[in-house]
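Protein chains in written order, with UniProt numbering: chain V, 1 to 365; chain P, 1 to 365.
One thing to keep in mind: the hints can contain errors.
[To be verified] Quick list of in silico lysine-lysine cross-link-like pairs, DSBU-like style, CA-CA up to 35 Å: (1) V:Lys309 to P:Lys16; (2) P:Lys349 to V:Lys172; (3) P:Lys110 to V:Lys309; (4) P:Lys172 to V:Lys276; (5) P:Lys328 to V:Lys5; (6) V:Lys66 to V:Lys192; (7) P:Lys66 to V:Lys172; (8) V:Lys16 to P:Lys276; (9) P:Lys349 to V:Lys309; (10) P:Lys5 to V:Lys192; (11) P:Lys5 to V:Lys294; (12) V:Lys309 to P:Lys281; (13) P:Lys308 to V:Lys66; (14) P:Lys276 to V:Lys276; (15) V:Lys308 to P:Lys294; (16) V:Lys349 to P:Lys174; (17) V:Lys281 to P:Lys172; (18) V:Lys276 to P:Lys148; (19) P:Lys309 to V:Lys148; (20) V:Lys16 to P:Lys174; (21) V:Lys309 to P:Lys328.
These are computed hints drawn from the structure, not numbers from a lab.
Protein chains: 2
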Amino acid sequence: MDITKPTLLLDEKKCKKNIEKMISRANQFNCSLRPHFKTHQSIVVANWFRELGITQCAVSSLEMAKYFFNAGWTDITVAFPLNILEHTSVNDLAGKIKLNLCVESLETVKVLNDFLEHPVGVFLKIDAGYHRTGLDAENFAEIEAILKALESNHLITIKGFLQHAGHTYQAKGKQEIDEIHAYTSKQMINLKEHFNQQYPDLMISNGDTPTCSVSDDFEHLDEMRPGNFVFYDIMQAEIGSCQYEDVAVAMTCPVVAKHADRNEVIVYGGAVHFSKDRIEKDGKNIYGLIADKKENGWGNPIAGWFVKKLSQEHGTIHVPDEAFDQIKIGDLLYILPIHSCLTANLMSKYYTLDGHEIEMFRYPS
Amino acid sequence: MDITKPTLLLDEKKCKKNIEKMISRANQFNCSLRPHFKTHQSIVVANWFRELGITQCAVSSLEMAKYFFNAGWTDITVAFPLNILEHTSVNDLAGKIKLNLCVESLETVKVLNDFLEHPVGVFLKIDAGYHRTGLDAENFAEIEAILKALESNHLITIKGFLQHAGHTYQAKGKQEIDEIHAYTSKQMINLKEHFNQQYPDLMISNGDTPTCSVSDDFEHLDEMRPGNFVFYDIMQAEIGSCQYEDVAVAMTCPVVAKHADRNEVIVYGGAVHFSKDRIEKDGKNIYGLIADKKENGWGNPIAGWFVKKLSQEHGTIHVPDEAFDQIKIGDLLYILPIHSCLTANLMSKYYTLDGHEIEMFRYPS
Chain V
1 MDITKPTLLL DEKKCKKNIE KMISRANQFN CSLRPHFKTH QSIVVANWFR ELGITQCAVS
61 SLEMAKYFFN AGWTDITVAF PLNILEHTSV NDLAGKIKLN LCVESLETVK VLNDFLEHPV
121 GVFLKIDAGY HRTGLDAENF AEIEAILKAL ESNHLITIKG FLQHAGHTYQ AKGKQEIDEI
181 HAYTSKQMIN LKEHFNQQYP DLMISNGDTP TCSVSDDFEH LDEMRPGNFV FYDIMQAEIG
241 SCQYEDVAVA MTCPVVAKHA DRNEVIVYGG AVHFSKDRIE KDGKNIYGLI ADKKENGWGN
301 PIAGWFVKKL SQEHGTIHVP DEAFDQIKIG DLLYILPIHS CLTANLMSKY YTLDGHEIEM
361 FRYPS
Chain P
1 MDITKPTLLL DEKKCKKNIE KMISRANQFN CSLRPHFKTH QSIVVANWFR ELGITQCAVS
61 SLEMAKYFFN AGWTDITVAF PLNILEHTSV NDLAGKIKLN LCVESLETVK VLNDFLEHPV
121 GVFLKIDAGY HRTGLDAENF AEIEAILKAL ESNHLITIKG FLQHAGHTYQ AKGKQEIDEI
181 HAYTSKQMIN LKEHFNQQYP DLMISNGDTP TCSVSDDFEH LDEMRPGNFV FYDIMQAEIG
241 SCQYEDVAVA MTCPVVAKHA DRNEVIVYGG AVHFSKDRIE KDGKNIYGLI ADKKENGWGN
301 PIAGWFVKKL SQEHGTIHVP DEAFDQIKIG DLLYILPIHS CLTANLMSKY YTLDGHEIEM
361 FRYPS
């Protein structure tokens, strides 16, 4: 494979191992796995799940749902608060597949009840304590009002409670992840118990990659919806959701300039390839790490090398003294992304290590 | 126009006014204008330049050069350090158009000399003091060695010195921009004078939007290459390159949730639409500002409203108390982007206020 410009590579073996491991964890906990497909956004990778028996998925937009429906996925949760303006797309998909929606207000449910023409499942989005979206898990009155409004519509099956503990992305290590998981699980279990008599079939669906990757207590949860684990990335490795050797994507970037006076190498590869997510480590902003090149793929990050700045197409790489002279203009560096979801979304296609192009959803379509 | 999801709108009048103003400034200073097309990335907007007499442009990749070549642009500078791995694309384009390249090392020039098959123009990229890329403007020995190596190739026309004063993006107000401009201009004038006897025809090409928008002293410069000015954005308005009323793009985003307890509204519109660039203002990270809706388009930012967080598809908007209750789920908010180049790049298409779809380059192609 002749790489001449920033190219996102996928290590198929690592990716399939990540998928297998998550399926095995879900089985171990007797939890249904509904992988979120917003990270890989590809029917090819989706098929790797299907080959292992997964037939349901989550997505983050109705457009993405359509893309996967066109590839034969017929049981899809749109894990994003229902956008009532897209009622035509909702009805269109609901008429063809098992579509699950998320709501978090009576205002939305009233509109949904007005326009809905086909059966859908509906989850109540619960705030896991991350305070981005969702109903307060202790606001039983509001939750009950929404449940009643949903119940009044014969086209609606109330699926249960759904949350995304996005604050695990701020955690460090299994213990902190477990603490968040314990807190959010308790919230959901309380909720389920509170409404159990009136609504005995409600499920609990949890979503974040850190929890689903390392926590152990899923006894009372019914569904896992992690997405990022399929590729992982630097952020997840730093949180402790995975090892660096599990990171299944790397961007190859050509070296275009060297600045010995400041130990910097410039690569063709910038914000339009990686996105601008970053982590802070040892007081430094880090926009990516450079992995060791291997015979077929890449190894662990090289100590002391990091992406220190990204502009639109330029990446500025810090390289320690002792390594600087080995780098030549035209070399390809393998760079692990901070946030693989945003990186894959930007690149819109990737290649396996043996050079097969992997088609992706092009967003916005 | 029926907007149901995050949609990037272009105010054609504002955009054309920005173009006209920059052309008039270039004329006033007797400077050639070679607009950078990486912001709009569209043959439609490119045509608006052409209608006003502009026939040359700059781009940031060879792929983008091909896109504009296919739309009839035949005088293109790739304002990015030459990526020697793309020699096939260089030769392909050089055989068809007036192609200018940028180099900043002897290592690159040696490879260029080896593979080049058709005439090209070459600029020496000079570090404007931003310390991203470019040769040290006082390193006459290295610059001379590169000039000599370029001179030895009869296919190469040495065009001159090119710089991008990216540090004006950290400036506040005309005075700070002018100070940087004075410093970088002096560097370039010194360089030109130093080599004037041997190379009497070298040009000076300068690039950043702040300088080109507000500075006055372009007497000794030959070419301007600003790009962002075509749309402007919050960053440029805060720097002082433009007024908020000049910002020609806004993202319309549907409201999907409201959280009265924390004065937050959630819109469908996140990092995959805006990118994650931000500014810090009054101790807050700001990822976008909400503009006043007008009969046809939008007005200035509404005081107290701002995008406080972006995740993949969610935007979290802070809304002051007094306005909160007016907002309804399903409303469309008009959000000005922090960095219009990255936003447009993500969206891959935009619409004029009367609903015409504007085609863009899809990167990576």
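Are the Cα atoms of P:Lys110 and V:Lys309 separated by 35 Å or less?
-> Holds: P:Lys110 and V:Lys309 sit about 28 Å apart, inside 35 Å.
Is the hinted pair V:Lys281 and P:Lys172 satisfied, with a Cα-Cα distance of at most 35 Å?
-> Judged against 35 Å, a Cα distance of about 29 Å means the pair holds.
Regarding the pair V:Lys309 and P:Lys16, is the alpha-carbon distance no greater than 35 Å?
-> The given pair, whose Cα atoms are some 33 Å apart, holds under the 35 Å limit.
Agreement of V:Lys16 and P:Lys276 with the hint, judged by alpha carbon distance not exceeding 35 Å = The given pair, whose Cα atoms are some 30 Å apart, holds under the 35 Å limit.
Does V:Lys294 lie within 35 Å of P:Lys5 when you go C-alpha to C-alpha?
-> 43 Å, violated
Straight-line Cα separation of V:Lys16 and P:Lys174 no greater than 35 Å?
-> 55 Å, violated
Hint consistency between P:Lys276 and V:Lys276 [alpha-carbon to alpha-carbon, up to 35 Å] = Measuring from Cα to Cα gives roughly 6 Å; hence the hint holds.
Quick one, are P:Lys309 and V:Lys148 close enough, alpha carbons at most 35 Å?
-> 32 Å, holds
If you draw a straight line from the CA of P:Lys66 to the CA of V:Lys172, is it 35 Å or shorter?
-> 46 Å, violated
Does P:Lys349 pair with V:Lys309 here, judged by a C-alpha cut-off of 35 Å?
-> Holds, because 27 Å separates the two Cα atoms, which is no more than 35 Å.
Does the structure keep V:Lys66 and V:Lys192 at a Cα separation of 35 Å or less?
-> Measuring from Cα to Cα gives roughly 31 Å; hence the hint holds.
Given the proposed pairing of P:Lys172 with V:Lys276, does the C-alpha separation stay at or below 35 Å?
-> At roughly 23 Å apart (the allowed maximum being 35 Å), V:Lys276 and P:Lys172 satisfy the hint.
In this structure, the hints that do not hold are numbers 2, 5, 7, 11, 15, 16, 18, 20, 21, in rising order.
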